[in-house]
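Participant: Chain by chain, the residues run as shown.
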Amino acid sequence: MTAKQDNLILAFESSADETSAAVVKNGHEILSNIVATQIASHQRFGGIVPEVASRHHLEWINRVTKEALQEASITNPAAQLSAVAATYGPGLVGSLLIGLMAGKTFAMVHGLPFIAVNHLAGHISAANFVQPTSYPAMAVMVSGGHTELLWMAKENSFQIIGTTLDDAAGEAFDKVGRILGLNYPAGKEMQEMAAKGQANIHFPIAHTENTFDFSFSGLKSSVLNYVHHADQLSEQINKNDVAASFQKAVVEAIIEKTEAAIQVFQPVQLLLGGGVAANLALRTAIEHLAQTYHLKLTEAPISLAGDNAAMIGAAAYLNFKAGRFSGLDLNTDPSLNFSRM
Amino acid sequence: MKILSIDTSGSSLNVGLLDSSTGLFFAHEHTKDEARTHSMKILPAIQALMTKAGWSFDQLDRIALTAGPGSFTGLRIGAAVAKMIAGQTFAELVPVSTLEMIALSARLSATDPNTTSYLPMINARNHNVFAAICRPGKPLDDEGHWPFTDFLSKAPKNSIFVFEQGTGDDFKAEIQTAGLKFIEQPSEKLIDAKLLAQQGLSAARADADSFAPRYLRKTAAEMAWLKKHPDAGDGDYAKYVSEV
Ligand SMILES: Nc1ncnc2c1ncn2[C@@H]1O[C@H](COP(=O)(O)OP(=O)(O)OP(=O)(O)O)[C@@H](O)[C@H]1O
Ligand SMILES: [Mg+2]
Chain A
365 MTAKQDNLIL AFESSADETS AAVVKNGHEI LSNIVATQIA SHQRFGGIVP EVASRHHLEW
425 INRVTKEALQ EASITNPAAQ LSAVAATYGP GLVGSLLIGL MAGKTFAMVH GLPFIAVNHL
485 AGHISAANFV QPTSYPAMAV MVSGGHTELL WMAKENSFQI IGTTLDDAAG EAFDKVGRIL
545 GLNYPAGKEM QEMAAKGQAN IHFPIAHTEN TFDFSFSGLK SSVLNYVHHA DQLSEQINKN
605 DVAASFQKAV VEAIIEKTEA AIQVFQPVQL LLGGGVAANL ALRTAIEHLA QTYHLKLTEA
665 PISLAGDNAA MIGAAAYLNF KAGRFSGLDL NTDPSLNFSR M
Chain B
-11 MKILSIDTSG SSLNVGLLDS STGLFFAHEH TKDEARTHSM KILPAIQALM TKAGWSFDQL
49 DRIALTAGPG SFTGLRIGAA VAKMIAGQTF AELVPVSTLE MIALSARLSA TDPNTTSYLP
109 MINARNHNVF AAICRPGKPL DDEGHWPFTD FLSKAPKNSI FVFEQGTGDD FKAEIQTAGL
169 KFIEQPSEKL IDAKLLAQQG LSAARADADS FAPRYLRKTA AEMAWLKKHP DAGDGDYAKY
229 VSEV
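Protein chains in written order, with our numbering: chain A, 365 to 705; chain B, -11 to 232.
Simulated from the structure, these hints should not be mistaken for lab results. Just so you know, not all the hints are guaranteed correct.
Stated by the list, open to error - Cross-link-like lysine-lysine pairs, in silico, DSS-like; alpha carbons within 27 angstroms at most:
#1 B:Lys(-10) <-> A:Lys430
#2 A:Lys660 <-> A:Lys612
#3 A:Lys430 <-> B:Lys215
#4 A:Lys430 <-> B:Lys29
#5 B:Lys145 <-> A:Lys552
#6 B:Lys(-10) <-> B:Lys29
Modelling step: build the complete structure from the supplied sequences, incorporating the hints.
Facilitator: Okay, here's the thing in structure tokens:
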């Protein structure tokens, strides 16, 4: 049994198409992290069908809970755990509901405090499994539904410096992947194709009114135009080159905005999180940027970049330390976000 | 036996605690603004009742849950709670058909001695209904998702439709033309939490970890996909989800 002075949190994540439960020790050590993915189900439809996602979550929630407890050797939750946490937003309402109700119910049954976690804070907190963060920091949060530059003046404090005005980076990867005939989610396969191709096509990056905001829908349209144009002329396109050129444009856009924000806000450290943080080209580019500005950098481990409950446990620990608990009446907040700086 | 009953299949929240050895029953008091707030109200309601009864979760023997049909989201809220309590305590999960509960709850106050069967019904839009034929004491017949007119043609003589007030206006004329009657229940009376707990005494238990509500309806996306893939089998969910 773990000594009682250790903080053990059971965390739940179910905001999209992964059902996950994890036990995290002291906010930075994973005792278990069970993730059940529904990707194969939604691939039948070419994208997430919310009602199907909710049904899967409900069918898997008890199973992932028990496995997470067992793997972490939790036999007496009331005595061994310090708190229970769950994602309450942002995400699909029907999906969020399952993890949130499961987490609140678990807390009620075992008489444990409940902690509500912002999914985006979770993605950023995946960095805590690597090393502690120094402040002020700036986080680059790139996922399937969000692309944000976040100012972190201190621990557990997030303010939006810039955000996407249309598509998120991951969404752009998925949509362009679809144009190239890939199945959802296309990010990883796009990266593999890009590695085999040449970035020899110019896809322009949109300029935004606010220097720090992103826009990826124009980029997606220019890829679409390129492919259609070649189609009409019955020209063969090199899909690997398209993937490489698109990826280069996305990475450049992210780096350009991040660099502009570094110059203005002067953080001491950078954080990279979210599903797209698994992208190797982006990682290489941000590592280079951090070096150039002599900044400390923590990237979410690739295995923890996508949705998982361990990152929710890491974020929950920060709430625990700050005494931020929620009642059993807490509801989901599907469009939860941080506020602008 | 100590039984917790949970029904979140419709607009009102029905929760209760029954001690079958003493007959003591603790009911959640309905409030006016219950619709669409089950996710916020259910756990405080259960906790308050447990405190009132002086029970701990380890003492629960059974959880009687309306398994469906009903509002998909509503069914999942109750099921997530029931599954997790059952999974974390000694309590057994006992699912009961929502339609059966609607019929039996209506019978509590029904006075017509000629009524031999009840036709509990939930409006499923586009003139479709979730409905069944309930002859009290016997298993439900024809429980399913029906075009209303098809279901009406199956209605036995001397049977009476039961539905929540305000949800059956589209069907009243057809029911009357067919020479049948209906009962309109106020939402807080549609399902009786005490009766649900009592049903939980005798109904069969289910495996809480693998339990899924009785939706009685696939999603439109799945129906379209199955049409294109007739050999794929009957949507065996489990094979589409895997641990990584
Ligand atoms: N190697 C990669 N390169 C580029 N994109 C990737 C890579 N791996 C995953 N992605 C993309 O990451 C996204 C999934 O990330 P994540 O799971 O964090 O998103 P989400 O949870 O759906 O959205 P959000 O976190 O904003 O609610 C998908 O769009 C996927 O294509
Ligand atoms: Mg995510």
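Participant: With reference to the structure, classify each hint as holding or not holding.
Facilitator: For each hint, the structure was consulted:
| no. | hint | verdict |
| --- | --- | --- |
| 1 | B:Lys(-10) <-> A:Lys430 | holds, 25 angstroms |
| 2 | A:Lys660 <-> A:Lys612 | holds, 24 angstroms |
| 3 | A:Lys430 <-> B:Lys215 | violated, 36 angstroms |
| 4 | A:Lys430 <-> B:Lys29 | holds, 26 angstroms |
| 5 | B:Lys145 <-> A:Lys552 | violated, 62 angstroms |
| 6 | B:Lys(-10) <-> B:Lys29 | holds, 22 angstroms |
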